[in-house]
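Q: So the chains spell out like this:
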Amino acid sequence: MRKIDFGEKLSNTLYLPFAFLAMVAMIIPVYILFKVSVSSPQEILTAHPSFLIRSFTFNHWRQILRSGGLWAPLTKSFLVATITTAAAVVIAAPAAYVIARMPSKIKYAIVLSLFLLRMFPEVAIALSISVQFLKWNLIDTNIGLVMAHLILNLPFAAWILVGTFETIPKDLEEAALVDGAGKVMSLLKIIMPLAMPGIAVAAMFVWLNSWNEFTYALYLTMSKRTLPLQTYYYVVRGGWFDAATYATILMIPVLLVTFFLQRYMKGGYLSGAVKG
Amino acid sequence: MAIIASLVVTMVVGCGSKGVSDARKKVLKVSMGLAEEEWKVMREDIFPDFEKKYGVKIEPVQMEAGDAVKKLESMHKANAMDIDLITQDNMQLAPLVDKGLMEDLSSYRDMIPKEVIPALVPVGEFSGKLYFMPYRPNVEITFYNEKKFNEYGLKPPTNWEELLQVARTFKEKEGMGRVVIKENLGPDSTIHMFDLIRSAGGDPVVLNDEGSVKAFTFLKELQPYLSPESKKADWNTPNQYLATDSAYLIQNWPFTSVVVVKDGGKKEIKAYHGWSGPVKESHVLGGEVIGIPKNAPNKEMAVKFMEYLMSKEVQEKLTSKLGWPSMRTDAYGKVEDWQKPYFEAVNEALKYAEPRPNLTYWADVDKAVNSALREIIFEGKDIKATLDKYHDAIEQAKKSAGQ
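Those protein sequence lines, which keep their order, are chains Z and S.
The first sequence begins at 1 in the numbering used here and counts up by one.
The second sequence begins at 1 in the numbering used here and counts up by one.
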């Protein structure tokens, strides 16, 4: 009979309470944001606002939905984030696969060099990058923003995927080759499906980063704002209820995309994949 | 591949041609930092007459004052300026001029109407050149919670002694300071220190004169009775403090009345012009000015629009529709009933408004004032010795700037 040590016992006991606390800590700010967006001003603008929603109103939502200022930024943000994610996965996955199969020393040198640009503060390089993009007439275009977001996200996507491909045994590829599959076929039919959890994580990471990105959007946007810029506008202009409503709306696609992508984040794909 | 192809197409299409340039002359891109309801007035009441008269289409661009430098700088460096005219917060002009982003408008000086409030003109001058035209004056007014003042039998303070008394009473009655002086060690606290020093007869750019010493001495005396929110107070947070009853007296920009009273329904929040110091009453003159970015594609039309914005007709509309005080002494408008008391407070405070000096070494002055504030008020250092130290720092910056 296996002996359970004290550490494991403690971890088993505290796991749930800690998970619950972490969940509460994350959910409460989101709830408050939602509450502000659906409460009357009188309920919020007091010395001691109630925790629960007492006087529900859909006015702020109605105002935002009717203002005509929501759909264009929402569409732009969604398009940019989705195209950035697709491009990042398409570019980073094959590159990461190749890097993962390289000898260790070269591999780590390349992975480190991927992060070279990320070692500088974003604001320090955003101006010079934006200047170049402006010269290319990419202001106010989706493609400009996608390219800017790829600068930020490609290194991370590649890094995540290098780690993923490393965990896939080379024997699997070799077995596929023995069975007559070509290199490309074994990559597409064997390796990629096995790498799906890592790809999903990378995609989710890139999508969220692009969806929330602010600095490049600020530089490269003149009149066609993204949703974070639109939210910023209301935060700066002092409209609490509009800002809270926009921020809540900003979260909805995040929930949907996370829900969709997390289906692919399953462990145990490789258990029993290679048997001697 | 798709991205690269799109990029090439974009670049090819984007390459300028004479046709594009002619089309651009029919468009005037105007950048302002406005709220929704303010844009509505611009679109419905201000732009159409100009568009009709000159056959031009005005394209409004929302640009916050704090972002203007970044955006204009990137366009300027890329040689792709796409904005024809900006209206900008007069507290944030120096970086635009320092970076060479604005046109020198000195040759259009005659365009300024003779009915202008005189103090507004120097705001746009840097080293003898006129870079910005007057557009919209603004000034901080004092907001107070009438219900709380009545509850404790207090009246809004009109001088330093009364201010101290009010702050002390709130602290004694509620165990917590309810008066806010902005001490966030940023541009907002600089404004409040300017007001305190000037109203004691001092010059904040000198910083160790008698008035400055008096101002810091008074603030030190007042400090124990101030709200803890003072350290975080900027131009935006006072709305929250007033709305949630964590502060009962605070000076801030007039837009607070829209956010807290009109939108928030806190009718007990009233306003008046403020208090005087031992020598006079003084408020930093804020507001917005008009500028034309260097290499603006449609400068000719921008100049016409600049003149139009300063006209009596436009100024009266801005007063009536938005409650903005006019830059002209001959422009009168009728503001909405709810807005009247706040508008009157602004007009009264404007009588005591003084522009902030336009110095190329402004950043050093700002840093010196806030460093003195931190050391004297938060760290308890000696007032005179600290002010002498920062006076020397300002003098050094002045010398380095060649002035």
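Hints are not guaranteed to be accurate.
As the list claims (entries may be wrong) - As a list, the in silico DSS-like pairs of lysine-lysine whose alpha-carbon atoms are at most 27 Å apart:
{"no.": "1", "chain 1": "Z", "residue 1": "Lys135", "chain 2": "S", "residue 2": "Lys40"}
{"no.": "2", "chain 1": "Z", "residue 1": "Lys224", "chain 2": "S", "residue 2": "Lys294"}
{"no.": "3", "chain 1": "Z", "residue 1": "Lys135", "chain 2": "S", "residue 2": "Lys399"}
{"no.": "4", "chain 1": "Z", "residue 1": "Lys135", "chain 2": "S", "residue 2": "Lys220"}
As the list claims (entries may be wrong) - Covered stretches of chain S (in silico footprint by chain Z; criterion: 3 or more residues with CB under 8 Å from a CB of chain Z, positions within the stretch not fixed):
{"no.": "5", "segment": "93–104"}
{"no.": "6", "segment": "264–275"}
For the record, the hints were derived by calculation from the structure and aren't laboratory data.
Owing to the predicted nature of the structure, the values given are computational and were not obtained by experimental measurement.
Every residue, glycine too, gets a C-beta built ideally from N, C-alpha and C.
Q: Against this structure, judge whether each hint is valid.
A: Results of checking the hints against the structure:
Under the criterion of a C-alpha separation no larger than 27 Å, the hint pairing Lys135(Z) with Lys40(S) is inconsistent with the structure, at around 33 Å. Between the alpha carbons of Lys224(Z) and Lys294(S) the distance comes to roughly 23 Å, so the proposed pair stays at or under 27 Å and holds. Restraint check for Lys135(Z) and Lys399(S): not satisfied, since their Cα atoms lie roughly 39 Å apart, outside the 27 Å limit. As the CA atoms of Lys135(Z) and Lys220(S) are separated by approximately 53 Å, the hinted pair breaks the 27 Å bound.
With 0 residues having a beta carbon nearer than 8 Å to a beta carbon of chain Z, the segment 93–104 of chain S misses the requirement of three or more and the stated coverage is violated. Counting residues of the segment 264–275 of chain S whose C-beta sits closer than 8 Å to any C-beta of chain Z gives 3, which meets the bar of three, so the coverage hint holds.
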